[in-house]
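*Asks:* Throw the hints in and build the complete structure from the sequences for me.
Under this note's numbering, think of the first position of the sequence shown as 3, with each following residue one higher.
Please keep in mind that the hints were generated in silico from the structure rather than gathered at the bench. One should not assume that every hint holds.
[Said to hold, decoys possible] Here are the in silico distance ranges between beta carbons for each label pair:
id	residue 1	residue 2	range
1	Ala164	His38	39 to 47 Å
2	Arg284	Pro124	24 to 32 Å
3	Gly241	Asp172	33 to 41 Å
Note that the Cβ used here is the ideal one computed from N, Cα and C, for glycine as well.
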Amino acid sequence: MTDTAHHNTGVDGVEGGVGLTALMVAAARAIETHRHDSLAQDIYAEHFVHAAPASADWPVRIHQVPDGDANPLWGRFARYFGLRTRVLDDFLLQSVRAGGARQVVLLGAGLDARAFRLDWPPGCVIFEIDREGVLDFKHKVLGGLPTTPKAARVPIPLDLRADWAAALTDAGFDTAAPTAWLAEGLLFYLPSTSETNLIRTVDRLSAGGSTLAFEVKLDKDLLEYRDSPLYTATQHQIGIDLLNLFSREPRPDSAGDLADKGWTTTVRTPFDYTRRHGRGPRPEHNDALAGNRWVFAHRPRPGQRR
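*Replies:* Right, dumping it as structure tokens:
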């Protein structure tokens with residue numbers, strides 16, 4: 003009976019586990035949107051937060067947090083997600099505007115509203131791959147708002163552990179055209195073999211001129227930071243135990259694997275972009291963000307120098 007009730011309200015995909023983290027990120031994006039020094043704008047984010055019973059009372063403005071920016075979750079961690087949103091927005095727009103890609107694939111799209119909020123060049127197609135429940139919830143919320151996507155949007159309701167490559171090509175994806183790929187906040191949760199298979203599949207489907215951005219953790223032992231304020235605040239305030247959701251297997255060197263396959267890769271810390279933008283998290287003692295890396299990869303076109 004519980005499952006049926008959740009399905010009828012369109013929240014079954016985001017009410018627990020990894021799905022709940024999508025609501026956490028949406029709340030962070032909402033908070034970022036309403037800051038006076040905002041790095042990223044997502045006017046849809048707060049609607050997702052309010053639409054799910056699990057998150058309906060979460061803050062969507064920093065003034066709704068009693069200790070404001072001093073709060074590890076809604077202050078520092080939320081600012082991290084705001085910075086990440088801005089950096090990856092810039093990456094995708096650069097890929098399509100300067101790089102010429104007209105296909106964008108969001109792997110584990112979650113509550114990403116980029117199809118609606120970014121100014122895409124004409125002819126862009128945004129493929130969104132995620133579990134059916136997550137995409138149904140997003141469709142329900144966005145369908146109740148006076149908005150339309152700014153590019154052709156193709157949802158693909160599928161678990162990334164299934165044969166998503168076949169579903170993607172069946173949906174109109176062109177393997178001969180350059181693509182901008184994004185795996186935002188995804189690989190943390192996947193087993194090592196799933197990450198390796200995903201990266202290999204992206205490589206196999208990518209024509210010259212394609213780009214890929216993804217996020218990884220390089221911590222040798224995640225439990226080293228189990229008492230980090232980010233993890234403890236997230237668990238105590240909204241009931242999300244990130245360390246229980248993250249895969250604790252040794253991680254593959256996905257950036258190195260791509261380089262071996264002919265891609266150029268750049269690995270950055272979030273703190274690099276804090277310095278660039280003048281806003282965002284800075285290193286702290288017992289820092290759960292210390293091992294986070296943002297990886298940017300480009301597959302040269304035939305005859306193009308690496």
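*Asks:* Hint by hint, note whether the structure agrees.
*Replies:* Going down the list of hints, with the structure as the test:
no.	hint	verdict
1	Ala164 - His38: 39 to 47 Å	holds (43 Å)
2	Arg284 - Pro124: 24 to 32 Å	violated (40 Å)
3	Gly241 - Asp172: 33 to 41 Å	holds (38 Å)
Hint 2 alone, counting from the list given before, is not met by this structure.
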